[in-house]
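From first to last, the protein sequence lines stand for chains A and B.
In case it helps, the numbering used here puts the first sequence at residues 220 to 339.
In case it helps, the numbering used here puts the second sequence at residues 220 to 339.
Be aware that one or more of the hints could be misleading.
Each pair may be met inside one copy or between any two copies, as identical chains are not told apart.
Here are the computed lysine-lysine pairs in the DSBU-like style, where the Cα-Cα straight-line distance is at most 35 Å [claimed, not checked]:
1) Lys276 with Lys238
2) Lys274 with Lys226
3) Lys276 with Lys226
4) Lys238 with Lys272
5) Lys226 with Lys238
Since the hints were made in silico from the structure, they are not lab data.
Keep in mind that this is a model prediction, so the values were computed, not measured.
There are 2 protein chains.
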Amino acid sequence: MIKPMLKPMSMSMPMSMSKPHYQRHVFFCVNQRDGGRNCCANHAAADCREYAKQKIKAAGFHGNNMVRVNQSGCLGRCAEGPVMVVYPEAVWYSYVDREDIDEIVEQHLLGGEIVERLRI
Amino acid sequence: MIKPMLKPMSMSMPMSMSKPHYQRHVFFCVNQRDGGRNCCANHAAADCREYAKQKIKAAGFHGNNMVRVNQSGCLGRCAEGPVMVVYPEAVWYSYVDREDIDEIVEQHLLGGEIVERLRI
Numbered sequence: 220m221i222k223p224m225l226k227p228m229s230m231s232m233p234m235s236m237s238k239p240h241y242q243r244h245v246f247f248c249v250n251q252r253d254g255g256r257n258c259c260a261n262h263a264a265a266d267c268r269e270y271a272k273q274k275i276k277a278a279g280f281h282g283n284n285m286v287r288v289n290q291s292g293c294l295g296r297c298a299e300g301p302v303m304v305v306y307p308e309a310v311w312y313s314y315v316d317r318e319d320i321d322e323i324v325e326q327h328l329l330g331g332e333i334v335e336r337l338r339i
Numbered sequence: 220m221i222k223p224m225l226k227p228m229s230m231s232m233p234m235s236m237s238k239p240h241y242q243r244h245v246f247f248c249v250n251q252r253d254g255g256r257n258c259c260a261n262h263a264a265a266d267c268r269e270y271a272k273q274k275i276k277a278a279g280f281h282g283n284n285m286v287r288v289n290q291s292g293c294l295g296r297c298a299e300g301p302v303m304v305v306y307p308e309a310v311w312y313s314y315v316d317r318e319d320i321d322e323i324v325e326q327h328l329l330g331g332e333i334v335e336r337l338r339i
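Please model the complete structure; the sequences and the hints are all you need to start from.
Written as structure tokens, this is what we have:
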């Protein structure tokens, strides 16, 4: 059986029609897996998310038309975790500690440059 | 004081360089606010998210390079809730019931056409 293709966005409704509500919308996976399996929640994901959010708030850039930092359920990339994703750019990162978060916030979320060393 | 501008993505690293891990990444706000305040969790958000996920799984389109349906914390649009957002298109919807979810899944997530009547 030939699997049907997932249709791309119609050309009659291009992405550019849609002005993002948030210029950058960030999702930190904070999922806790059971049975002791490796997961983002075991790597201080909630703490790092809160740290990133407060850092962006302190800079005056958290809110509509700017940046929002959310928590999410499992993003499906457990083996590479802890992970976060930045939309609409669709850039994924793996991070270790607050120093990594500092770099992502300052260089990418506020500065517009991807942090290649942390990208997955 | 003049507020500094949030920098857009650097032209040296355009969005097109980044092939999305998921062609469409959907986030349903399932946040529960306290004090009886209106919130997405009070409008069957978790049920609708699970329904959408299972519908996409049944169609064979849930996974890498296709669609992922996540839950998230508060997306900051409580007054318009329950809400969901589809990235990287950055298209936001408000929905009421499973019939709305059917339409969003079939027409947009699988079909590539925005459901204008539910868009916010």
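A quick look at each hint next to the structure:
For a Cα distance limit of 35 Å, the shortest separation of Lys276 from Lys238 qualifies both inside one copy, at 22 Å, and across copies, at 29 Å. When the C-alpha separation of Lys274 and Lys226 is checked against a cutoff of 35 Å, the pair qualifies only between copies, where the shortest distance is 16 Å, while the shortest distance within a copy is 38 Å. When the C-alpha separation of Lys276 and Lys226 is checked against a cutoff of 35 Å, the pair qualifies only between copies, where the shortest distance is 16 Å, while the shortest distance within a copy is 38 Å. For the identical chains of this complex, Lys238 and Lys272 are neighbours both inside a copy (22 Å) and across copies (26 Å), given an alpha-carbon limit of 35 Å.
For a Cα distance limit of 35 Å, the shortest separation of Lys226 from Lys238 qualifies both inside one copy, at 22 Å, and across copies, at 16 Å.
The structure shown violates none of the earlier numbered hints.
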